[in-house]
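Enquirer: These two chains come separately, so use the hints to put the complex back together.
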Amino acid sequence: MTKEPIEDALTAQAAAPAKKTVQMPVGVPGYTLAEETRSVPATEPPVWPINKDLKYVGQPIERYDGLLKACGRARYTADVQLPGMLYAKFVNATVPHAKVVSIDTSAAEKYPGVKGVHVIQHVLGNAQLRNPALDPAKYPVVRYAGQPMAAIAATTPYAAEEAAALVKVKYDTMPFVVDDVKARDPDAPNVFPGAADEAGSAGGGGGPHGVAQTGNIHGPSIHKRGDSEQGFKDADVVVEGHYVTQVQTHSALETHGVVADWKPDLLTVYASTQGTSGVREELAGFFKIPLTNVRVITEYMGGGFGAKFGAGNPGVVAAALSKKTGAPVRLMLDRQEEHLSVGNRPSSDQVLRIGAKKDGTLTAIHLIAYGTAGCGTGAGCAGPAQNLYQAASLHTEENDVFINAGPASAMRAPGHPQGAFALEQTMDDLAVKLNMEPIDLRDKADTHPVRRVERQIVRESELWKSRNPVAGADQGPVKRGIGLAQSVWYRFVSMGSNAEVRIHKDGSLEVFSGVQDIGSGIRTVMAQILAEQFGVPPSQIAVKVGDTNYPEGPQSGGSVTTLSLTPVVRDAAWQASQKFLADIAPALGTTAGDLVLVDGEVRSHSGKVAPISFKRAASKMTTSQIAVQAKRIPDYDPKKYLTYGGVDVAEVEVDTEAGRIHVRRVLSVHDCGRPMNPAQTISQINGGIIQGISFTLLENRLLDPKYGVMVNPDLEQYKIVGSREIPEIDVRLVEAYLGQSSTDASGIGEAAGVVSIGAAVANAVYNATGVRIRHTPMTPAVVLAALRAQGKKMA
Amino acid sequence: MNSFSIADCTTVDAALSQLKDDAVVKAGGVDLLDRMKDGIEQPTRLVNIRNVAELRGIRETDQGMTLGPLTTLAEISDYAHIREHYQILADACGHAATPHIRNMATVGGNLLQRVQCWYYRSADFQCFRHGKDLCFAFEGLNQYHAIMEYGTCPSVAPSSAAVALLGLGATVELTSAKRGKRTLGIRELYIVPDANPTKFTVIEPDELITAILVPKPAPGTRSAYQKYGEKESFDWAIADAGVVLEMEGDICKRAVITMGAASPVVRRSAQAEAALAGKPINEETARAAGKLAVEGATPLSMNAYKLDLFPVAVYRTVLLAAGKMNRDPSAAG
Numbered sequence: 001m002t003k004e005p006i007e008d009a010l011t012a013q014a015a016a017p018a019k020k021t022v023q024m025p026v027g028v029p030g031y032t033l034a035e036e037t038r039s040v041p042a043t044e045p046p047v048w049p050i051n052k053d054l055k056y057v058g059q060p061i062e063r064y065d066g067l068l069k070a071c072g073r074a075r076y077t078a079d080v081q082l083p084g085m086l087y088a089k090f091v092n093a094t095v096p097h098a099k100v101v102s103i104d105t106s107a108a109e110k111y112p113g114v115k116g117v118h119v120i121q122h123v124l125g126n127a128q129l130r131n132p133a134l135d136p137a138k139y140p141v142v143r144y145a146g147q148p149m150a151a152i153a154a155t156t157p158y159a160a161e162e163a164a165a166l167v168k169v170k171y172d173t174m175p176f177v178v179d180d181v182k183a184r185d186p187d188a189p190n191v192f193p194g195a196a197d198e199a200g201s202a203g204g205g206g207g208p209h210g211v212a213q214t215g216n217i218h219g220p221s222i223h224k225r226g227d228s229e230q231g232f233k234d235a236d237v238v239v240e241g242h243y244v245t246q247v248q249t250h251s252a253l254e255t256h257g258v259v260a261d262w263k264p265d266l267l268t269v270y271a272s273t274q275g276t277s278g279v280r281e282e283l284a285g286f287f288k289i290p291l292t293n294v295r296v297i298t299e300y301m302g303g304g305f306g307a308k309f310g311a312g313n314p315g316v317v318a319a320a321l322s323k324k325t326g327a328p329v330r331l332m333l334d335r336q337e338e339h340l341s342v343g344n345r346p347s348s349d350q351v352l353r354i355g356a357k358k359d360g361t362l363t364a365i366h367l368i369a370y371g372t373a374g375c376g377t378g379a380g381c382a383g384p385a386q387n388l389y390q391a392a393s394l395h396t397e398e399n400d401v402f403i404n405a406g407p408a409s410a411m412r413a414p415g416h417p418q419g420a421f422a423l424e425q426t427m428d429d430l431a432v433k434l435n436m437e438p439i440d441l442r443d444k445a446d447t448h449p450v451r452r453v454e455r456q457i458v459r460e461s462e463l464w465k466s467r468n469p470v471a472g473a474d475q476g477p478v479k480r481g482i483g484l485a486q487s488v489w490y491r492f493v494s495m496g497s498n499a500e501v502r503i504h505k506d507g508s509l510e511v512f513s514g515v516q517d518i519g520s521g522i523r524t525v526m527a528q529i530l531a532e533q534f535g536v537p538p539s540q541i542a543v544k545v546g547d548t549n550y551p552e553g554p555q556s557g558g559s560v561t562t563l564s565l566t567p568v569v570r571d572a573a574w575q576a577s578q579k580f581l582a583d584i585a586p587a588l589g590t591t592a593g594d595l596v597l598v599d600g601e602v603r604s605h606s607g608k609v610a611p612i613s614f615k616r617a618a619s620k621m622t623t624s625q626i627a628v629q630a631k632r633i634p635d636y637d638p639k640k641y642l643t644y645g646g647v648d649v650a651e652v653e654v655d656t657e658a659g660r661i662h663v664r665r666v667l668s669v670h671d672c673g674r675p676m677n678p679a680q681t682i683s684q685i686n687g688g689i690i691q692g693i694s695f696t697l698l699e700n701r702l703l704d705p706k707y708g709v710m711v712n713p714d715l716e717q718y719k720i721v722g723s724r725e726i727p728e729i730d731v732r733l734v735e736a737y738l739g740q741s742s743t744d745a746s747g748i749g750e751a752a753g754v755v756s757i758g759a760a761v762a763n764a765v766y767n768a769t770g771v772r773i774r775h776t777p778m779t780p781a782v783v784l785a786a787l788r789a790q791g792k793k794m795a
Numbered sequence: 001m002n003s004f005s006i007a008d009c010t011t012v013d014a015a016l017s018q019l020k021d022d023a024v025v026k027a028g029g030v031d032l033l034d035r036m037k038d039g040i041e042q043p044t045r046l047v048n049i050r051n052v053a054e055l056r057g058i059r060e061t062d063q064g065m066t067l068g069p070l071t072t073l074a075e076i077s078d079y080a081h082i083r084e085h086y087q088i089l090a091d092a093c094g095h096a097a098t099p100h101i102r103n104m105a106t107v108g109g110n111l112l113q114r115v116q117c118w119y120y121r122s123a124d125f126q127c128f129r130h131g132k133d134l135c136f137a138f139e140g141l142n143q144y145h146a147i148m149e150y151g152t153c154p155s156v157a158p159s160s161a162a163v164a165l166l167g168l169g170a171t172v173e174l175t176s177a178k179r180g181k182r183t184l185g186i187r188e189l190y191i192v193p194d195a196n197p198t199k200f201t202v203i204e205p206d207e208l209i210t211a212i213l214v215p216k217p218a219p220g221t222r223s224a225y226q227k228y229g230e231k232e233s234f235d236w237a238i239a240d241a242g243v244v245l246e247m248e249g250d251i252c253k254r255a256v257i258t259m260g261a262a263s264p265v266v267r268r269s270a271q272a273e274a275a276l277a278g279k280p281i282n283e284e285t286a287r288a289a290g291k292l293a294v295e296g297a298t299p300l301s302m303n304a305y306k307l308d309l310f311p312v313a314v315y316r317t318v319l320l321a322a323g324k325m326n327r328d329p330s331a332a333g
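Here the protein sequences line up with chains Y and P, keeping their order.
First residue of the first sequence? That's 1 in my numbering, and the numbers climb one at a time after it.
First residue of the second sequence? That's 1 in my numbering, and the numbers climb one at a time after it.
Worth flagging that the hints you see were computed from the coordinates, not collected in a lab.
Accuracy of the hints is not assured; some may be wrong.
BS3-like cross-link-like pairs, simulated, lysine-lysine; straight-line CA separation at most 30 Å [as the list claims (entries may be wrong)]:
(1) P:Lys37 x Y:Lys168
(2) Y:Lys706 x P:Lys132
(3) P:Lys181 x P:Lys216
Chain P with its partners taken away, still in its complex shape (with noise of 0.2 Å):
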C-alpha cells in the first residue's frame, strides 16, 4: 500500500470541499482499503466521511424509507421496519460478507464497491478497466465470471444491497458543491465496460451519495433475496436472486427479478418478470421464470454451470418470497 494522506470530515458540506485533487472519498473502508492492499489503486489523498452523522440513519417517511449512505449493512438488516416490508433488502443485508465486515460496510460503499474479478483485482494483471487494451479472463480461469451482458469484461456485479435496491426500484440522491442535487435509478448509477472500461459509476469526483430512496411497497407486495456460493461462510455469490411480487390475493400482479452475479452490472430479468405477471405463483411458474432467467446467456469455457445455478436461485427465491418455500440451506446464512 501506498503513503497517502487522509482528511477527517464530520459534515457534508466540509467533505463534499475537499472533494478535489483526486481525492478519494472513504466510508467503511472496506472495499477501497482492500484495492490499495492490493495496489490495484494508489489515490494520495482520502476524505473520511466515516463520521459524517447526517449520512447515517434510517428514516420512515410517507413516500417510503430513506437510507442514510454511512447505514451499515448490519443496522439495515437489524431493523425491524426493513425485516417486516423490505424483506429483500434486510436479505440482501444480511448475508452480504461476514458479521464483522456487515458492522463495518456501508450501504453507500455497498454499492460503489468495484467488480470481483480476480484479474482486475491483481497488480500483475494490468486490463481494460485499469486502461489497458486486454481482457484475461476470457482465455484464462473464469469460473466466477459472467454469463451475461458482458461485451469486453466478463466480471460480475459484487454488490448484494444492489440487487435488492434495484428489485425495489430505489434511487440514489447524487450532491455536488458545484451542481447541486441530481437522483438516479440504481441501474443507471453504473456503466458497462462497453461505454467506459474504466469508469464504473456515473459518480463524479465531486459528488458524494446523500440519500438512498426507497419508496413504500404496493400493497400484497412479498419479497426476498438468496445468494449461492461455493460455502456459505464468507463467500462471494456464484448465482442470485432478487424477487419482488405484488401479490393480488393467489395472483402475482407484477415481478420484479434480480441477478448479481450473472453480468458485469446488476440486472432484471424482463423474461422471467414477465412469465410471472398475472399468474399464480407455484413450483411450475417459479421453475418456468427461472429458466428464462438466463435465456440468452453465453457462458464462458469454465462457468456453464451457472446456467444450471442461477434457475434454481430464481425459481427458490421466488416461492420463498411467495411464502411456499423456507430459505434455502443451499444458500448463504
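So that you can see chain Y by itself, here it is in the shape it has in the complex (with noise of 0.2 Å):
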C-alpha cells in the first residue's frame, strides 16, 4: 500500500516531538559500564543511577501482597462468590477423532439443580481449516479426546456433575494418531482434511500461517542466513545429534477458569488470565458487543506459564451460560480437563549439524526440526539455533506435526528449552571434538557483550573451578559431573502499555494499570517506582491493577511485563510529580522551578522555603487531586543489542546403577536490563530452573497409542518436582544497563533458567559419565538405557 506523500509529511511531524539528548549508564557495573549518549522525548524524566544509588527501585522490596498471599486472603477466581451464582461443568470428548452425529441433553437439562445447557458451536484453540468447507459438519469435530463438546450449569457443582455425565454424545468415529513419529508417516491418518492453521497468542506460541502442508506436516518454514553447504565445506569439524523432547503440560497451581456474569449492560469477567484485555476483545469479539460493555477482572492468579491467554472455551462458554441463564456462572477446569485441553509445550524431534573451523568458529548451523503441538501448531523451536551464536551461515526448518491430541498454547520461552537442549549439547559436543573447553568455545563463538561477562562471573566460581575436564573420570557407581549451558530472549516491548498516577490532596498515591499480576510481582515493582519518585515508602502507595476499568495494561507474555510497563508508570508518576509542584510554588510563594521532591520532602533550591514533607505540601494543592496518564513511548535511540539471556551451570551426581540424576547445585548467572526487585527477579529464576529440571527429569504427557487417551492426567503419574528433587541454586544476578528507557528494565521470565538448565544437566551428566542423553525425560529407564547402549553401566 502506497501512502499520499502529503500524509507522511503529517505523520513526521506529529511524530516528531521535542528531543533532548541525555547521558545513560550502559553496561554492567565492575566490568563494562560507562556513560553513552541517548537521543529522549523532552518529556522523559531525568536519567535514573544505576541501582546501588537509588533507594527503593533496584532493592529487595518485600511482596507487596506477600502477606495476602501467605494468609489465604488474596481473592482467586475460584474464591469469588456471587449472588445466585451457578457452576458449570464442561462435557468432553471421550473419543481422540470423530465426527458429532449428536449431542443429547434432554436427560441432563431435566437433572434436578440444572439451570443451564450449552453445546458448543465453535471450539477455540485449534487450528482451523484454511477451508471449512471441508468440514461441514452440524457440531465441531472431535480432534482429540478431552475436547469440550458441551457444559451444564448448575446450582451446585455437583448436580453440574452429574448432570453432565448424561449427555449423551452420537460419535462416528474416525481414524487417528498421537504418536508425532508415525504421524508424519504419508499412510498416517489426517487429523485435518486440508490445509489448517493456528493464531498465536501474546505470549508467542502459534505456528507460521501459509506454509506447506503435506499430510500431518505443517511446514517446513525455512530461515536461512549465507550458505550453509559452503559453511560445512569449510569447516574442519562436523557435529550432529539427533535430540528428542517430549511434550509438558503447563500444570499451574491454579487451573484455567473464569466467573461470568452477564448483565443486559455489561458482561463482568473475573478470569485466572495473563491479558485482562485480551480476554475482553475476545468476548467483546464472540458476542458482538462494544469493548465497553466486557469487563475483566484479575485480582490474583494462580500461575499461567503461557497458557492463559484469551478468554478460550472456559470464557466463552461460561458467558454463554451467563446470558442464557441470567445469572453468574462460575466455570473451573478440574486437573484432567487443565492437562488436556488447554495447552501444551510441543515436542521437539531435531536433528542438528554444526561445522566449525579448528579455532572454533562456526561455519554452518544446520536444523531439521519436527514436533508437535497436537491439533494446533507452534512446535518450532529453531530460536536457539538462529540467535545464540553467529555461525557464518545458518539454515533452519521448522515443522508441526499435527496429531489427534490438544493444542499447544505458548509455554515459558515458547522452542526455547527444546532448541537449547539440543543446540548447546551439540555446542558440548563440538568442544569435545575440537579438544576445547566448553566455556571456550561460547566466548570464541558468542560476542554478546554481557553474556560474555556472565561466563566470566562463571569462570571465576567455586563450582566451575571444580569441573574436572576429564568425562566420566570418577570411579565407583555414583559419578559427579558439571555442564553449563546458554540462554538467550528477545527485547519485546508492549505498546499497549498504560498507567495512571493520582496524588491526592491527603498526600495519598495511587496507580492504576489493566495489568494483571501473574506471579511475578508488578505490584511491587509499581510500588517502588512511586516510591522512589515520591520519596515514600513502597507500602503507602495504592496500586490498583487488574481490571479492564483502568488504563489498558499489557497482557503478561514473553517477558514484555516489567520492560513495558514500569516506563510508563515512571514517566506517569514524573509528569504528576511536576505538575503537582506547579500547582503548590504559588501557595508556598514561589515558582515550579525553584522546587525539587526529594526524600518525602518538597525542598526549594534558592532556599526561599523551608522544607515541607509531602503530605503537608499536598494540603496546599488547588484541586482535589491530580491525575496523570502516560502511555508506553518507543524504546530509546539509538537500540542495543535486542537479545539477552544467561549461563547456568548445573552440578549432579549420576547413579549409574539405579539411573537416577541428582541435580545437586545450580549456578544461573542472568541478566534482565535494570533489576528493578532482585527478590523478586531471584524468585522467577529459581522457578525458572525448577521447571525447568522437571521438564528434563520428570513430565512427561503420556497418551495411549491405541486408545489416544492421556493415562497420567492428574499430579501423580504426571511427575513434576518435589521438594526432594529441588538442588541450591545460587543466583548471581547482572545488572546490565541498556539506556533503553526511563527505568531501562528488561524481563526475565523466559529467559529465566528455564531454557538452558535442561542442556546444562544434559552437559553434566555426559561430564559425569562420558555418555551423552539426548532425549527427555531422563527417568531412570532413559539413563539406564543411555547407559548400557554405550557400554557404560556399571557392574
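Expert: Encoded structure:
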C-alpha cells in the first residue's frame, strides 16, 4: 500500500515531539559500565543512576501482597462468590477423532438443579481449516479426547457434574494418530482434511500461517542466512546429533477458569488470565458487543506460563451460560481438563549439525526440526539455533506435526528449552571434538557482551573451578559432573501499556493499570517506582491492577510486563510530580522551577521556602487530585542489542546403577537490564530452574497409542519435581544497563533458566559419565538404556 | 464422584453391624476417595471407622507387637520401639507417599489399597479388574508395570507396609459379626488376578481388619526397606526391597527378601534368600542375591529397566540392613 506523500509528511510532523540528549549508564557495573548518549523525548524524566544509588528501585523490597497470599486472603477466581452463582461443568469428548452425529442433552436438562445447557458450536484453540467447507459438520469435529463439547450450569458443582455425565454424544469415529513420528508417515490418518493454521497468542506460540502442508506435516518453515552447504565445506570439524523432547503441560497451580456475570449492559468476567485486555477483546468479538460492555477482573492468579491468554473455551462458554440463565456462572477446569485441553509445550525431534573451524569459529548451523503441538501449531524450536551464536551460515527448517491431541499454547520461552537442549549439547560435542573447554568455545562463538561477562563470572566461581574436564573420571557407581549451557531471549515491547498516577490532597498516592500480576510481582515494582519518585515507602502506595476499567495494561507474555510497563509508570509519576510542584508553588510563594521533591520532602533550590513534607505540601493543592495518564513510548535511540539471556551451570550426581540423576547445585548467572526488585527477579529464576529441571527429568504427557487417551492426567503419575529434587540454586544477577527507557528494565520470565537448564544438566551428565543423553525426560529407564547402549553401565 | 451416605462408627461392634448392603469401609479415606473421584467406584454407602479408638495404637506384647489397623503410617514410623527393632517397618511406613498423606493414611488402609495401574484407575478404560475381558497394559504404556508373576494383569502391588510386614512374618486378624475371627498371613490376604480378577483380597464384605500381629524378631535380626522411584518426593515405587536378616556373628542364618513393585501381589524371593543363607553379608553376596531376585522375570515392552533396578534395590538394601552401607540417596526419603 502506498501512502500519499502529504499524509507521510503530516505523520512525520505529528510523530516528532521535542527531543533532548541525555547521558545514560550502559553496560555491567564492575565490568563494562560506561556512559552513552541517548536522544529521548523532552518530556522524559531525568536519567536514573544505577541501582546502588537508588533508594527503593533495585532493592529487594518485600512483596506488596505477600502477606495476603501467605494468609489466604488474596481472592483468586475460584474464591469469587456472587449471589445466585451457578456452577458449570464441561462435557468432554471421550474419543480422539470423530464426527459428532448428535448431542442429546434432554436427560441433563431435567436433572435437579440444572439451570442451563450449552452446546459448543465453535471450539477455540484448535487449528482452523483454511477451507472450512472441508468440514461441513453441524458440530465441531472432535480432534482429541478431552475436547469440550457442551457444558452444564447448575446450582451446585455436584449437580453439574452428575448432569454432565447424562449428556449423550453420538460419535462417528475416525482413524486417529497420537504418535508424532507415526503421524509423519504418508499413510497415517490425517488429523485435518486439509491445510490448517492456528493463531498465536500474546505470549507467542502458534505457528507460521500459509506454509505448505503435506498430510499431517505443516511446514517446513525455512530460515536461511548465508550458504550452509559452503559453510560445511569450510568446516574442519562437523558434529551432528538427534534430539528428542517430550510434551510438557503447563500444570499451573491454579487451573483455568472464570466467573462470568452477564447483565444487559455489562458482562463482568473474573478470569484467571495473563491478559485482561485480551480476554475482553475476545469476548467482545465473540458476542459482537462493544468493548465497553465487557469488564475483566483479575485480582490474583495462580500461574499461567503462557497458557492463559484470551477467554478461550471456558470464558466463552461461561459467558454464554450466564447469558442464557441470567445468573453468574463459575467454570473452573479440573486437573484432567487442564492437562488435556488448554495447552502444552510441544515435543521436538531435531537433527542438528554444526560445522566449525579448528579455532572454534562456527561456519554452519543446520537444523531440521519436527514437533507436535497436537491439533494446533507452534512446535518451532529454532530460536536458539538462529540467535545464540553467530555462525557464518545458517539453515533451519521447522515443521509442525498434527496429532489427535489437545492444542499447544505458548509455554514459557516457546520453543527455546527444546532448541537449547539440542544446540547446547551439540556445542559441547563440538568442544570435545575440537579439544576445547566448552566455556572457551562459547567465548569464541558468542559475541554477546553481557554473556561474555556472565561466562567470566562462571569461570571465577568455585563451582566451575571444581569441574573435572575429563568426562566420566569418577570411580564407583555414583559419578559427579558439571556442565553449562546458555540461554537467549528477546527484548519485546508491548506498546499497549498504559498507567495512571493520582496524587490526592491528603498526600496519598495511587497508581492504576489494567495489567494483571501473574505472580512475578508487578504490583510491588509499581509501588517501588512511585516510592522512588515521591520519597514515601512502597507500602504506602495504593496499587490498583487487574481490571479493564483501568488504563489498558500489557498482556503478560514473552517477558514484556516489567520491561513495557515500568517506564510508563515512571513517566506518569514524574509528570504528576511536576504538575504537583507547579500547582503548589504559588501557595509556597515561589515558582515550580525552584522546587524539587526529594526523600519525601518538597525543597527549594533558592532556600526561599523551608523544606516541608510531601503530605503537608499536598494539602496546598488547588484541586482535590492531580492525575496523569501515560502510555509507552518507543525504546530510546539508538537501540542496543535486542537479545539477552544468561549462563546456567549444573552439578549432578549420576547413579549409574539406579539410573537416577540428582541435580545437586545450580549456578544461574542472568541479566535482565535493570533488575527492578532483585528478590522477585531471583524468585523468577529459581522458578525457571525448577520448572526446567522438572521438564528435563520427569514431566511427560503420555497418550495411549491404541486408544488416544492420556493415561496420566493428574499430578501423581504426571510427575513434577518436589522439594527433594530441588537443588541448591545460587543466582547471580547481572545488572546490564541498556539505556533503553526511563527505567531501563528488561524481562526475566522466559530467559530465567528454563531455556538452558536442561542442556546444562545433560552436559553435566556427560561430564559425569562420558555418555550423552539426547532424550527427555531423563528417567531411570532412559538413563539406564543410554548407559547400557554405550557400555557404560556399572557392574 | 457420586453422592453417597456415610455412617460414622466409634466401636468395632457398631462398625460390623453396618457392614451390609454393599457398604464400603472408609478408614483414612486416602485410596478410597481417589478411586471414587476417578470414577472407578461408586459406593452408595460408606462406613466410617476412622473414629473407632480401639482399632488405633501400638501394643508391645510378649509375642511381639500388635498394631491397630487404624494406626497411621506416621505414628508407626515415629514409634521408637519400631525404629529400634523393626527398622524395615519404620522405613516402609516412613517413606510412603508424603508427610501429609502419612498423617492421614492408616496401616490397614495401606494394606488394602488397590493396585497401581493407570488403566485400572481410569474410568476411560474398563479392564479385567473391573470385570471386563481385556488388559490395556500389555500393548499399551507399561513402564511402571510388573515384570513377574503377573498372569493376566501386570499391575503392581502398591503397599510399602505389605512389603515390610511380609518380611516380618506378620499376620492379620479379621473379624466378622457372624463368623467371628480368623487370622491370615500377609501373602494369603491377597488374591492373584488369575484366581479372581475383581476381588483383590480375601476379606469378605462383612469383615474388618481388627489387628495386625507382628512376631518378635529372632535375636540378631537386622532389617531395612528401600523404595526407588523416578523422584524422591511423592512417587510410587518403580522398584523396592524389604530385607530381614537373622545374623549369627558375621553369618546370615536366615534371610527374607520381599518386593512390591515387581508383581501384582507382594512377593518373597526364595532364590535371593537362599543366596544369603549361611553366608557372610558383603557386596558380593548381596549382589548375587539381587541378581537372583529377578530370576525368571519376563518384562513387558517398556519396563526392562526394572531388571537392572530391582537387583540394585535388593543388594543395596541387604547391605543397608547389614549395616554395611548408608541409606541410598537414590532411594526415596
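Enquirer: If a hint holds in the structure, say so; if it doesn't, say that too.
Expert: Taking the hints in turn, this is what the structure says about them:
1. P:Lys37 x Y:Lys168: 21 Å, holds
2. Y:Lys706 x P:Lys132: With Cα atoms ~18 Å apart, Lys706 of chain Y and Lys132 of chain P stay inside 30 Å; holds.
3. P:Lys181 x P:Lys216: 22 Å, holds
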